[in-house]
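Visitor: Letter 44 of the sequence shown, counting from 1, is numbered 44 in full-length UniProt numbering, and no numbers are missing.
Possibly wrong hints are sitting among the right ones.
Here are the simulated EDC-like cross-link-like pairs (lysine to aspartate or glutamate), alpha carbons at most 20 Å apart as the crow flies [to be verified]:
1. K37 with E129
2. K106 with E129
3. K66 with E93
4. K37 with E90
5. K111 with E90
6. K48 with E29
7. K19 with D45
8. K48 with E90
9. K17 with D36
10. K111 with D99
11. K128 with D112
12. K37 with E61
13. K19 with E29
14. K48 with E86
15. K12 with D36
16. K48 with D112
Label pairs and their calculated CB-CB ranges [said to hold, decoys possible]:
17. P30 with F133: 56 to 64 Å
18. K106 with P34: 25 to 33 Å
19. I28 with E90: 24 to 32 Å
20. N96 with I28: 20 to 28 Å
21. T32 with D125: 32 to 40 Å
22. L22 with G53: 41 to 49 Å
23. Q136 with K66: 23 to 31 Å
Since the hints were made in silico from the structure, they are not lab data.
The C-beta atom is built at its ideal place from N, Cα and C for all residues, glycine as well.
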Amino acid sequence: MPWFKGWSREGKAGIIKGKTLLDAIDGIEPPTRPTDKPLRLPLQDVYKIGGIGTVPVGRVETGIIKAGMIVSFAPSNVTTEVKSVEMHHEQLEQGNPGDNVGFNIKNVSVKDIRRGNVCSDSKNDPAKEAASFNAQVIV
């Protein structure tokens, strides 16, 4: 609505002004996605693709995933090598935080890992089970 420029109200304290909803939303700074932290990639699904093999799919939350990495899946304690990383049927050198990626892994059945498992770098602080945790939630 180009004719609506926000709101103003006159009260005892003087004139009070406010922004439009779109201006307020545009003013929010998006959170930075940390590439320097260990890889954390929660799995959204796991597919078996003929001629390719097992392809887990998920969004990279922190860290980077690359072909050739040795990754582990928690809590199933499966460790394997990443053969390739793709996003929207295009091969990637690496998957960065915020990317929804699919990655081909070696010698792992779709029965060994499942939705909800967390993929992490086995050499850099691999994910493990926890009895409790603290979370920062952005609404």
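Visitor: Decide if the proposed pair is consistent with the structure: K128 and D112, CA atoms, cutoff 20 Å inclusive.
Guide: 16 Å, holds
Visitor: That 41 to 49 Å hint for L22 and G53 (C-beta), does it hold up?
Guide: Because 46 Å falls inside the window, the suggested range holds.
Visitor: Is the straight-line distance between the alpha-carbon of K66 and that of E93 20 Å or less?
Guide: Holds - the C-alpha atoms of E93 and K66 are around 6 Å apart, at most 20 Å.
Visitor: What's the verdict on K19 and E29, does the C-alpha distance respect the 20 Å limit or exceed it?
Guide: Within the cut-off at roughly 16 Å; holds.
Visitor: Do the alpha carbons of K37 and E61 lie within 20 Å of each other, as the hint requires?
Guide: Holds. K37 to E61 sits at ~10 Å (cutoff 20 Å).
Visitor: Given the proposed pairing of K111 with E90, does the C-alpha separation stay at or below 20 Å?
Guide: The given pair, whose Cα atoms are some 26 Å apart, is violated under the 20 Å limit.
Visitor: Given the range 32 to 40 Å, decide if the beta-carbon distance of T32 to D125 lies inside it.
Guide: Given a distance of about 19 Å, which is not inside 32 to 40 Å, the answer is violated.
Visitor: Starting from K37, check that the Cα of E90 is at most 20 Å away, please.
Guide: 25 Å, violated
Visitor: Tell me if the straight-line CA distance from K48 to E86 falls inside 20 Å.
Guide: 15 Å, holds
Visitor: Measure nothing beyond the straight line between the CA atoms of K48 and E29; if it is 20 Å or shorter, mark the hint as holding.
Guide: 39 Å, violated
Visitor: Holds or violated: are the alpha carbons of K19 and D45 at most 20 Å from each other?
Guide: Between K19 and D45 the Cα gap is close to 41 Å, so the pair fails against 20 Å, i.e. violated.
Visitor: Mind checking the alpha carbons of K111 and D99 for me, to see if they're no more than 20 Å apart?
Guide: Violated, because 25 Å separates the two Cα atoms, which is more than 20 Å.
Figure legend: structure checked against the earlier numbered hints; hints not met, in rising order: 2, 4, 5, 6, 7, 9, 10, 15, 17, 21.
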